[in-house]
Structures are given as structure tokens and as C-alpha cells.
Amino acid sequence: MIVRPQQHWFIRLFVWHGSVLQKIYSRLLLNIALSISVIFFLPWYETLGIKLTIAPFSILGVAIAIFLGFRNSACYARFNEARTLWGQLAITQRAFLREAKSLLGENKSQIRALVKLQVAFCHALRLTLRKRPVEETLKNYLTADELQWVTKSHAPCNRILLLMGDWLADKRKQGGISDVVWSSLNHHLNDLSAVAGGCERIAGTPVPFAYTLILHRTVYLFCIMLPFALVTDLHYMTPFLSVFVSYTFISLDTLAEELEEPFGTEDNDLPLDAICNAIERDLQDMDESEQLPEKLRPNRYYRLS
Amino acid sequence: MIVRPQQHWFIRLFVWHGSVLQKIYSRLLLNIALSISVIFFLPWYETLGIKLTIAPFSILGVAIAIFLGFRNSACYARFNEARTLWGQLAITQRAFLREAKSLLGENKSQIRALVKLQVAFCHALRLTLRKRPVEETLKNYLTADELQWVTKSHAPCNRILLLMGDWLADKRKQGGISDVVWSSLNHHLNDLSAVAGGCERIAGTPVPFAYTLILHRTVYLFCIMLPFALVTDLHYMTPFLSVFVSYTFISLDTLAEELEEPFGTEDNDLPLDAICNAIERDLQDMDESEQLPEKLRPNRYYRLS
Amino acid sequence: MIVRPQQHWFIRLFVWHGSVLQKIYSRLLLNIALSISVIFFLPWYETLGIKLTIAPFSILGVAIAIFLGFRNSACYARFNEARTLWGQLAITQRAFLREAKSLLGENKSQIRALVKLQVAFCHALRLTLRKRPVEETLKNYLTADELQWVTKSHAPCNRILLLMGDWLADKRKQGGISDVVWSSLNHHLNDLSAVAGGCERIAGTPVPFAYTLILHRTVYLFCIMLPFALVTDLHYMTPFLSVFVSYTFISLDTLAEELEEPFGTEDNDLPLDAICNAIERDLQDMDESEQLPEKLRPNRYYRLS
Amino acid sequence: MIVRPQQHWFIRLFVWHGSVLQKIYSRLLLNIALSISVIFFLPWYETLGIKLTIAPFSILGVAIAIFLGFRNSACYARFNEARTLWGQLAITQRAFLREAKSLLGENKSQIRALVKLQVAFCHALRLTLRKRPVEETLKNYLTADELQWVTKSHAPCNRILLLMGDWLADKRKQGGISDVVWSSLNHHLNDLSAVAGGCERIAGTPVPFAYTLILHRTVYLFCIMLPFALVTDLHYMTPFLSVFVSYTFISLDTLAEELEEPFGTEDNDLPLDAICNAIERDLQDMDESEQLPEKLRPNRYYRLS
Amino acid sequence: MIVRPQQHWFIRLFVWHGSVLQKIYSRLLLNIALSISVIFFLPWYETLGIKLTIAPFSILGVAIAIFLGFRNSACYARFNEARTLWGQLAITQRAFLREAKSLLGENKSQIRALVKLQVAFCHALRLTLRKRPVEETLKNYLTADELQWVTKSHAPCNRILLLMGDWLADKRKQGGISDVVWSSLNHHLNDLSAVAGGCERIAGTPVPFAYTLILHRTVYLFCIMLPFALVTDLHYMTPFLSVFVSYTFISLDTLAEELEEPFGTEDNDLPLDAICNAIERDLQDMDESEQLPEKLRPNRYYRLS
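Chains as they are written, first to last, in the UniProt record's numbering: chain S, 1 to 305; chain U, 1 to 305; chain H, 1 to 305; chain D, 1 to 305; chain R, 1 to 305.
Keep in mind the hints are simulated off the structure, nothing from the lab.
This structure is a prediction, so every number in the text was calculated from the model and none was measured.
The reader is advised that the hints may include incorrect statements.
Only pairs whose alpha carbons sit at most 27 Å apart, straight line, appear in this in silico BS3-like list of lysine-lysine [unchecked claim]:
1. D:295 / H:131
2. U:108 / S:152
3. D:173 / D:116
4. D:171 / R:173
5. U:171 / H:171
Based on the sequences and whatever the hints tell you, model everything.
Structure below.
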């Protein structure tokens, strides 16, 4: 994620980081090159009877803008839902710990064991969503036995939830908590399960690929054909207008594609590292741990991973 | 479902699989043929006083784009809700099993019986939604008595839920669980019931047919009349622009129709086989089964059924 | 509701049933008549200095399309919410019966009594929403005393819910179920109450009438004035374009009005009869009744009431 | 609220009540006057080199229509949420009474006392939202002590909820109900609390005022400048088109403003009197009261307050 | 927040406070200056072959309006969600206090202690969201020990929730309340936790920065290039139309940016001070406190902080 810096409106016109310019500048240069060559070849191909007017592009432009707006909404909704799920993760973990502490707070070692499982769950979810190995990180939070049992499964998060369920069942069997209290605490485990399942759904089922394909195609064809339509009216100004229109359409198409998979590590993806770090800090602070892990901050390009 | 491949933006302009091109190419060829004949007959029918300008098409184009955008939203919302329901199914099944294990985990055979019922429910829902026979698949998970009782009903999912309810009522009667715990477990059965009911609703009530009809009609009439309006300005370029505009409108109309019934087996429908497979693998993994069923993967056309 | 038939795209251009054509064809004929007379009177009224260009209609057309799109969304949302509420009704009734059976299943006559009340509730809701008398139907499900008590109220659904509440309170008083179990079963009654209340809300409060009025007016004025603007450019083609634009706008305006009140019996309203029939069949099947009521099917015009 | 009358489509073009015409007709007359004077002064100010073409108005018109569409959605969503909250109020009150009756039904006087508190809550909410004195109405439902205690607070609804909480706590202390049942009944009080809080939020926080201001301004400036742009093309027809476009934009701007505050007493606001009346009738009917209050009906201008 | 004053529609055209004019007037003046210079330099740069027509701006204008509409929706949704969360805070606090009073109402000092914690939570949330120090305010509500323990954490809200959890656990341990009642009260603490977590999410994750950047850029480039396109047609009228179009686009861009971070202290941000004040007044009124804090009112510029 790019953290929004405070900027004067004029400066912002020229910002490079955080826009998608670094991804699409080569395509825009191609567009400019095409526009310039169109100016030179205009006299020649007009003799062939080829001419394009801007009127049909007006219809197409509006239609593409409407459909692109729809796709942007769908992709942003995925991004937003993903963020809400991770927000829910933080809420649930804190509420779970608060309840556990106020009910079983005397036994500090058990609470500490719980906190370790909670943090492990967050990291495991983050790493599986990003398709990275979990072992290196989880060994800081799990015992060797637990770690082995968790990592031999294809779904480490599920196994950690089972461990948390066992932790809770233990408390119930030892008689420390009644069924009503068990049910209240267990409810949080179900919420964790729902968060993990929701994230898997977003990661596993993209916006129907045909949308991506149809819009990609129409946007690019539109931008390629536009200079031919603009040149009769605008002549030398063709490249300026052409690249401006292309930037508007191509950048939004590209951004939608980034947002569609919010768990990646691109500029506009969710800062899962920072969210995990914040949850870990909150939980350890609630547990009155001596030393909290340091807070993750954006790098000098305003980027938070 | 078509799994989104990583592709260079330029390659993507020419991709065949996953777009709806294979469905509509014949209509686009018709459109091209019509455009070409319009060019030839132009001198003749202009003598009859027939002329079409592009201005009214501009109004129509925007209006159709707006209404098509609305219908796409409605159809995509159905697709998305269907996916969310199946995500909920996975979440509920796993949470149910986790709770059951941590409460009744000693009795491994009972847990295994539960897992079989859970998997049977998923397959039964998938097969009834796709209007396929359930018996062949369910016999791997149900006893002969259960199978007979389930398949003689018009609603197998309901019957499997009744079996799960009986399984749970047994545990309660044997005194293993209190009413509070029963209520917590039973809650998951209600969630399963809600998933099945939600899927039935989506399968049974399409977007009002008049939307489909009105938009289908206006889109196709628009594409048929468009060459007549374009030809006076564009002449030889008419077929290119005409087919481009037609592709934009017709492909989105066709895609919306595919998404409207997300439980089918077309390119952009939900991969119910793969989701069922994933749930089965997760449940068996949680039950520490020896041998998990193999993971379903997309075929070489990036297609996941 | 019109059940979506499988049709070739070309056939679908000429379908009569299910589109709103049968409702608006007279208005479209009027529009054609007006367009033709405009062609004839053009020379005369041009001498009066009256002329209309298409440019202001372009602004108006887009604005009306946007506002019509908004109204369509609002009306479709009502239709969709109504359908979801009836889906919820089916889900709740089945979940209620499943729970009741697994807890009190030995006593078959009591379960049968419950099923009768459940079905009566669905029919009562359907009939009151459609403003039809309930007595004829309810006498198949209620005892004479119950029927009299229910029908003398202005709100029969409420009374049937009270009967279901009494049924449940009886079970609790007889000691068959604990307070926890009572609470779980009672929860379903609250859900039924919410469904009935939600349907009443939709039936009782339309989309603000001014939206209907303003859009109706602007759409019709637009269609009336359009031929005057088209005629100078299109001449003999005016009626074709004019009726095409009018069809697009008027049919969507009319469809929105149908969807706004989803409990009626028009072509695009909800098939409440069929939904009630399906719920009754499901409940009786779960109760292992000998003879299920026959399934309601669409008539030969693909219509399901 | 204006109740939607059944009208022929042609009649509806000329309806006065329920549209916002009575609010804006003076502004439309001003617009006509301006258009006429523009026709007369055209030759004079053209000599000054002042000319306006319609092209920039086309851009502006679309942009304003889009933003107006957005504001209409936001305002309608408030209206709709407010209506849903009042629907929830009816649902909760009926469910609460049903539960209380089936659990404590023997004691009729206590149930009657509860009904009075319930109705008092609805009226208090209605009157505080409309900023009217509550005392006159509440004295029909509360004892003198209660009335005094309730009205001396700035938040009468809260106090009535406290009275209902006391009523419930009494039943619990007297041993009539267990904690589980208390919790179930108390849940409804929380729902009432949520309804009141939701309504306060809608009443207290409008759509950001800048939206109202920016759109109001652009809409009116657009309508004022439009005749100058239309006159060169349309000449004598300018007033017709100008007032038509103005009606479309101004009426929707004005309607959005009405819907934004749904608890007022304008034509398109919620009929809180009628809703309260309906709830009171339902509750008394469930309590088998002898004489129900008469049903509120729309007045002869189809208006329901 | 600006409180909406009652104003005549004509007056409203000239209102300064509450619109975003004070923020953007310098940019609009720049636009006017540019337009005027364009008029003077027109003859000169036309000799260079530079010309711009309005047609491509028409495509761009619509596209930008659509994307700006999308961004406005996204930002307004954040504003609205933030307001709903604070509304939920008020609802939960009042419901919590009502329940606590009706269950533990005899012990007035304990209730008073709870009220202090509740109010402290609201203020702590408000101040951390606005990144202000909490100590000064919280010392009015917390004991010295509590204050020290709360303020030494990086997350004061969490710690206050822990104190509330301890308060509740105390009551449970003293035997005053059963587990069922504890669970009911504890549920409200979870709701408070969810409100705090939701607000943190909104404050911590803006709309993807690339949206802000892309739209900012296209809007400003559009406004800068517009005078060049308008001048050939409009000549002396260029500045009027150019600044009008620019106002429409720039003001909505700027407003969206304000709404995106709803917890700030700008004109269109949420009035957190007033909401906290209202919650405090409500809670103290429910506790029948002698002296309520005075109600916060808008200042003379209709501004509520």
C-alpha cells in the first residue's frame, strides 16, 4: 500500500510513486509514437479513402467508461472486503484475548500460550495468501510438535484453529469455564474461521476472467484507433490528446487489475505485513508483554508492505 | 471458471479461451458481412431518400450502455452471492467439524461418520444445482439405508441435513453434550440450511426475463442498424468500427447471460467441482485421514470445472 | 414470473410473451403515427420558424437514461429483497421443522400439527400480500376454532405466529424442552416475524411517488418531442429510429413499475403460488407425508404464477 | 407520503399532487421568462461578440446528471434505511409481545402494561424525530409518574426503554423467567435501542452539505445559462426545450433534498403517523383488545402523513 | 460538519461557508487567468497550426465524470460507514448501561463507575482517531492508577475495554450475575471492540492512493486544456464556461478527498466532539446524574466540530 502523503495539488500532478505510471509508461510511449506516425502518414492513407471520424469513438468512449466503471467497482469491492476481513481478524483476536483474560486471567502462562497461537494464525493466513512458506515464521510461535503437525498439512490455518479449539476444550474439561462461557469464547474461533474462509474465497475466485479480457481488449483497441480519428481535427495536437485519453483509460484498467488480487505485494495491495505487525503489537500489549515488536513503517517511497 | 493466467498485455488482445468470442463470433461475422454489403448498396438506397446519421445512435448508445451496465451489475451480484454462499458452506463445514472434534474428539468413528455426511451434503447440493443424478456420487459417502432414504426424496440435501440433525440429537440424548453445546453445533446446521436455500433461490429465480429480452433486443437492433449510420462518414472503415462496437456490446450482453446462472458449466460459471473437492480435502485433512482425494486443477485451457 | 426459455439469439428478437410489449404496443403505435405525421407537416411548420435540433435531446437522453437507470436499480432492489425474504421464509420453515423433528420427533402428531401451522403461515402471507381472502385456503390447514380466531383479525399472519408460539410454549411447559432449546426454536419464529414484516414494508411503501412521476413525464415528453428533432436529418427513416428509442425508454420505465410492486400477479412479479407450493412440498417431504401436493409448473406461455 | 394511485399513463403526464411541481413551478416560470427575453435580446448581444454553443453544455449536462444520480442514490438510501428501521420497529415490537405473551400470558394486566409501554415508545420516537412535544400523546399510555419521569429528560425514548427494562427485570426477579428467557426478551429491547439510535443518526447527520451546495449551484447555473446556448439553434422553440431540461434537473435536485430528511412532513417523507397507527393496531389486536384505534387512510390528495 | 441551514434556493447560489470554495478559489482564479490569456494568444498560436476541438473533451469529460462519480461513491461510503460506526457506539453504550442498570441497579456507585469508563472509551476513541493526546481528557473519568495504566499503552481504547471487562468479571465473580447474563453484557463489549476496530480500519487504509492520483491528474489536466478547446467557439465567453466546468469537477474531486478521511476536523468531516458530547449526556441522563454537560451547538458559521 502507498501511504497517502500530504501534497500540494500542483505537486501531485507530477508524482511518480503510487500512480500506476511505472507500469504503463511504455504503452503510453507507444501510443505517442503511433500518434506521431499517424500525423506523417495521414496524407498517404487519405488517398486510399481511409478516414475515421470521432463520432463513433464518442459512443464507444462512453460505453467503455461505463463498463470500466463497473469493473472498477467490482474490483474495489474485493479490495474493500479483503480489508474488512483483516479488520475483522484484528477485532476478533483482541476480543477473544480480552474475554479469555477476564475469565482465566490468573493463569498467565496459559494466556501467553493463547497469544502465541493467535499471532501464529495471523502470520499463517498472511503467508498462505501470499503463497510463501510458513515454517520460518511460525517456528517463533509454535512448539516443535505443533509446528510439525501444522506444516505437514496443506492448510496450516485450519490446523492452528484446531489447536486453539483444543486449548479451549482443555479449559472446559478442567472445569474452569461453563458451557455458556465456552460457547461465547468458541464464537470467536468461528469468526476466525470465517475470516480465513473469506480470504480464501477472494484469493481463489477472481472477477470472471471474461470481464478482464473484454475490457482490456476494448480499451486497448480504442486507444490504438483513437489517433486516426483525432488527427483530422487536431493535427499536431493529436499526440497530446491521444496520450491523455489513453492514460485515463489504461491506468484505470491496470489499477483495477491490481486491486482485483488484494493479497499480492504490488503498490496498491493490502499491507498484510503491517496489519499482522499491528495485531501482534496489540495482543502483546494487552498481555502486558515486556517488549513489543517494533512498529512497521512505510519506506521512503511511502510504501507499506 | 477460467483461471486467470499471467499474460503480457499485448498477448491478451488475441486470447481466445475464456473470452466469449467462441460464442459470438458467428454474429460478429454476420455484422461484418452486413457492413460490407451496406457499403456496396449505399449509392442505391441513397437514391430512395434513406439516410441515417450517427446522432440518434449516440443517444441510444449511451442509454444502452447504461442499462447494460445495470444488468451486468445485477448478474454479477448473483454470481458473487452464489460464490459467497459456497464460501460460507466451506466455512461452516470446517467450523462444525472443528467444534465437533474438540467436544467429541475421543470417538473417532463418530467423527468419521459426521465427515461423510458433511461431504455428502456438499456433493448433493452441487449435483442438484446442476440437475444431475446424485446417486452415483452419494453412494461413496452414505450407507445403503441412508442412500435409499435420501434419493427417494425430491430434495436430497434436506434429507442429508435431517441425518446430520439426527446425528446431533443422538449425541444429545446420549448425554455427551448439554443443551447449550447442542445449540452451538445446531447453529451450523441452520447455516448449511441457509446456504442450500440461498442457492436454490438463485437457481430458481432469474433476473426478470424482461430485462434480458429488452436489452437483448435493443443491443442487437442497435448493432444491425449501426453500419447504415456509420457508412456515410467512414465508408471503407465501416466494418472495422461496426464490429468493434458490436463486440463491446454483444460480448457484455452474452457474458451477463452466462453469469446470471452461475451454477452451470460454462466458461464463466462457478467451479463447483473444485470447491467440493477443496472442502472434502479440508475436512479429511482436519480428520487426519490417511489419503486425501487429489486436488482438482485447471485443464490446459485454464478451465476449472 | 416468466421462466426463461432456451432460445436462439435470433428468435429472441421477436418474442412477444414476457417482454412488456403487450403493455406498451399502443403507445409505440402512437409514436409511429406521430412520426409519420411529422414528416408530412414538416414543410408547413418550418415556415413558422419552428425547428428542433438533436443536440439538446442528446443532453436530455443521457440524463434520462441515468435517472432511469437509478430508478431501475431501486425497483429491482425491491424485487430482489422481496425474493430474498421469501427465500428466507423457506429456509426458516425447513430449519424450524428439522430442529423440532430431531428434538421432539417421537411425537408424530404434534409434528404434523406444526407442519400445518407452518404451511398456513406461508399461504396467509401470500394471500394478504395479494389482497385476497384467506379463509378458503386456510381452512385446509387450521382447525375450525383456529380458523375463526385467525380470520377475525386484520392481520392473520400475526395470529398464526401466535398459534405457533403457543405450540412452542406448550412443549416448554410440558417439560419436553429446556429454556435453551426453547430459545433456539423460538428464534425461528422471530425470523418468520421478520419475513412477514419485511414483506409488509415493501408492499406498503413504494419508491417515492415523485420519482415515478418525474421519470414517467420526462420519458414520455422526450419520446413525443423526439420525432420533431429527428425528422430534419432522417426524413423517411424517422419512424424507425423514433420507435426504437421510444421502445428502449418506455419499456424500461414500464418494467420498473412492474418490479416496484413484486407481490402482484403481472408477468414479472414473484411466483408466490409456486414458492408456497415448493415450501409445502419440502415440509411434507421432511415429515415423510404419503402424498405430496403436485408441483406447480409454468403454463405454456412460460408463465409461473 | 403520496400513495400511488392507479392512473392511465396519459393522465399521469398532467398530475399535480405528489410531483414536486408545486415547489418549483415559480423557478420554471422564471426560466421561461428568461428564455423568452433571450430570444428578444439575441440580435443585440450577438453584436457584442457574445455567443454560446451547446457543446460545452453537453459535457456539463452529462457530468451534472451523473453527480445528481449519485446524490439521488445517497438520499434515497437514507430514505430507504429510515423506512427499514421503522419496519424493524414493527417487527421487533410484535415479536417481543408474542414472546412475552407465550411466556407470561396468564397475567393479562402485565401484558397490557407492556403493550402501553411499547406503543408509547413508538409515539415518542416519532414525535422526537419530528421535533414535536411528546407529553400530549404519551399521557394516553403512561402513568402520571412515568410521564413526569420520561418528559423531564431530553431523551424520552431512552427513558421509556429503561421502563421496559425495569418491567422485564421485575419478571426476572419474581422468578417467572430464567436468565435464558430474560436474555431472549432483552434482545428485543436492544433491537429497539438500535432502531432509535439509527433514526437519530439519520436525523442528525445529513449528506455532507457541500454535495447539496455544489449540485444545487451547478444545476441552477446550468439552467440559467442553457437558454443562451439553445437560442441560436432553436430560436422560438427555446423556452420549451429549456423548461423541459430544467424540469428534469431541478425536480430531481429538489426531490433529493426532500428525501434526504425522511422524518419530515413533506409529500415524499415517511408516513410516521400511519406506521405508528399500524403498529398500535397490530399490538392491540395481538392483545385481543376490544376496540382498535381506527386505521389512518390517505386524504383525498392521496397523502398519508 | 456543516449543519444544513434553511435557505432560499436563490441565496444558496452564493453561500460561501460549507462549500469547498474557500479551498479551491485560487485554482479557479488561475483557470480564469488562463482562459483570458488564451483569448489573447489565440491569433498567435493558431498560426503555429495548434488547434483543439471540443469533441475529444466530450469523451474525456464523460469518462472523468463517471470515474469521479465512482470515487465519490467510495469516499462517501467511508464517511457513511464511519458515521454508522459512531452511531453503533452510541447504541451499544446506551444498551449496555440499560442492561447493567436493570440487572445491578441497586448498587449506584458501581453503575457510576461503569458510566465513567464508558464515557472515557468514547473520548479515547475520538482523540486517538484525531491523533491528539488523550491524557488531559481521560483524567476526568479515570482514577490515577487507571489513567497511568491506560496512557502508557499505544492503544488506550483497548486498555479501557480491558478495564470494562474487569468490571464485568468482578460482578460475575461476586456472584451477582450468572454466566448467561455475563454473556449478554459481554456481547456489548465485543460490539465496542468492533466499533473501535472498524474506525481504525477506516483511518488506517485510505481508498487506494492511485485512484486519488489518477483522478486528480486527469481532472486538473482536463481543466487546464479546456480553455484551448472552448475558445474557438465561445471566444469572450470562454472564461465563464471554463470556470463553471472546472468548479464542477474540481470541487467534487476536493470534496471526495475531504470525505475520504472522515475523522479529521475539516468542514465536511464527522462532528466527533458533538457525538461524544451527546453520548455523555445520554449516559448521564440515564444514570439520573444531577448536572449534565452542556450540549455542543454549531458555531455561527453553522459548523459543528
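Hint by hint, here is what the structure shows:
1. Of the pairs offered as hints, the one joining residue 295 of chain D and residue 131 of chain H holds, with about 17 Å between alpha carbons and a cut-off of 27 Å not exceeded.
2. Annotation: proposed proximity of residue 108 of chain U to residue 152 of chain S holds, straight-line Cα distance about 21 Å (limit 27 Å).
3. With a C-alpha separation of about 21 Å, the suggested pairing of residue 173 of chain D with residue 116 of chain D holds against the 27 Å cut-off.
4. Distance check on the hinted pair: residue 171 of chain D and residue 173 of chain R sit about 24 Å apart at the alpha-carbon level, within 27 Å; holds.
5. Taken as a hint, the residue 171 of chain U and residue 171 of chain H pair is honoured in the structure, with Cα atoms around 21 Å apart against an allowance of 27 Å.
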